[in-house]
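Chain by chain, the residues:
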Amino acid sequence: MSASLTLASVSKLFDETCAVDNVSLEISPGQFVGVIGRSGAGKSTMLRLVNRLIDPTEGAISFGGTEITALRGKALREWRRDCAMIFQQFNLVDRLDVLTNVLIGRLAEHGFLSSMAMQFTDAERTMALQALDRLGLVPQALQRAGTLSGGQQQRVAIAKALVQRPKIMLADEPIASLDPANATLVMDGLRQINREDGLTVLVNLHTLDTARAYCDRIIAMRAGRIFFDGTAAQLTDDVVRDIYGTQGLREFNEAVTSTQGSIAVPAQ
Amino acid sequence: MTAIGEPTVTPLRPLDQFELDYAGLRRRTKTMWLVASLIFLAAFTFSAWLGDFFKVTQFTLQDGSREWRWILPAGLPRLGEFIEKTFPVLRWESLGADLAEWFWRWRVWANLLIETILIAFMATALGVFGGFMLSFPAARNLAPNKWVLWISRRYLEIARTVPELVWALIFVFCFSVGPMAGVLAIGLHATGALGKLYSEVNENIDMRPLEGVKAAGGTWFDQIRYGAVPQVMPNIISYTLLRFEINVRASTIIGYVGAGGLGQEFREALSLQEYTDLSALFIIIFVTVMVIDYGSEKLRHRVIGMEKGPAA
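Protein chains in written order, with the working numbering: chain A, 1 to 268; chain B, 1001 to 1312.
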């Protein structure tokens, strides 16, 4: 938990487009970092690179001295367990119950047979229930995940991330599909984990006020590059206008993009 | 907003432009239909000619003289003749005895019927196992690499393009006459057919749950087991029941080449010209297939409606 994440000149090319362009970053343990930027700025790609769901074209990512980009096989799966990921669309298995969905977070520890038979130990079930309890979802534990509301599903995803016993938590637009009340619950959950467990949290956001309210540090991306890196106070209106670009947006109105109004930034 | 490209002539009013485009579209559609119809007609006529549908044959009249006739009206009455031969003699006053004579081999047939259904059952079980296992590497979105995809797809193709009857001939040669050859033949063909159907189901799943499992450190097998299998289960059960129906029909005929089941009785009845046996066998198979189709359809609808029930 006391290791920092380092990205050194990381680039990712998709055919001709450069989604992430020569990004270098250093994220200290225990930070709550928000990444903002327009759609297509490379925020998602950057998180996927860290979790190794995709491989970088160039550059290296390391965590506490371990070269992440070189990992293969079991070591790679263990890294994915250590660096839990939360998705915009929750990515739960709708037809499985909530408890099993949370236990998926334990799969990296399982052998082939126990995993195929969906056999989990009592200790693991206890762990899953504790995680669900923290997020107030014990009553739903035996319900099928698909029957839950979006906010509940996202909290199940957080519980699943917790039982991975991660060292760092990534969240890719975790509240983009949620209403304001649920968005607050999910963000509060992430903050609680950050403060109580001392977990590093790296979260992509599309709403500025959320980033301002929750993040110790805000990183802004534009066209694959880091455009701004600082505290919420340093994020002035001029900087914001540069990040999102005024073209097409008559005047940047923070209130419109806020989750409180539940309207997303117009897609460019 | 500026128009794309610099207009050199005054553009038409939108409505006029629409009229023009619409007329053009209709013209093209009409021509396409005409061409397609002509191609279809030509292909159909050629096939009919190849298939001897225009053949003229000699036909014996009532008075013994012979005359040239078109084959269809000449041959059709023989169908009635054949069906008439399979009718048993049933008299009201001795109905029981007549029925007993019609189904005179009922003990043998009952045993063979059970054998037929068991062949279908075991073949379906084998086919489900093989098809299910191969449907994941044979799905474009799930295959771990293109070699595995290529090999599993080719295997499934070979298994299903060779008809059951041909597999049965081969297996009878290998394992001698009996139900075992039938089970293997139908099982192999079912593997190919089910594997194809299952893999198409797999190709239509939502990939996000699999990504969720992968991001938590799951292996390829974990992604399949937790992300894919729960999604495809209702469809798999439904296709399996459908295949069981098909396999029951297949196992009734497979005995024709000595691979067990009722089929061998068909062959015997035909070669010994016991035409009433044919109708008796037909009735037995018809009723069996109907009962199994009905039962499995009921079951399938329950499975499809099972959306709220516990997941697999």
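Since the hints were made in silico from the structure, they are not lab data. Keep in mind that the hints are not guaranteed to be accurate.
Stated by the list, open to error - Only some residues are given here: those of chain A computed to face chain B with a beta carbon under 10 Å: (1) Ser62; (2) Phe90; (3) Ser115.
We put the beta carbon where it would ideally sit given N, CA and C, even for glycine.
Verification of the hints:
A distance limit of 10 Å between C-beta atoms decides the matter here; for serine 62 of chain A the minimum to chain B is near 19 Å, and the interface restraint is violated. For the restraint placing phenylalanine 90 of chain A at the interface with chain B, the shortest Cβ-Cβ distance is roughly 8 Å, inside the 10 Å limit, so the hint holds. Annotation: interface hint on serine 115 of chain A holds; nearest CB of chain B at approximately 6 Å, less than 10 Å.
Hint compliance for this structure: hint 1 is the single one not met.
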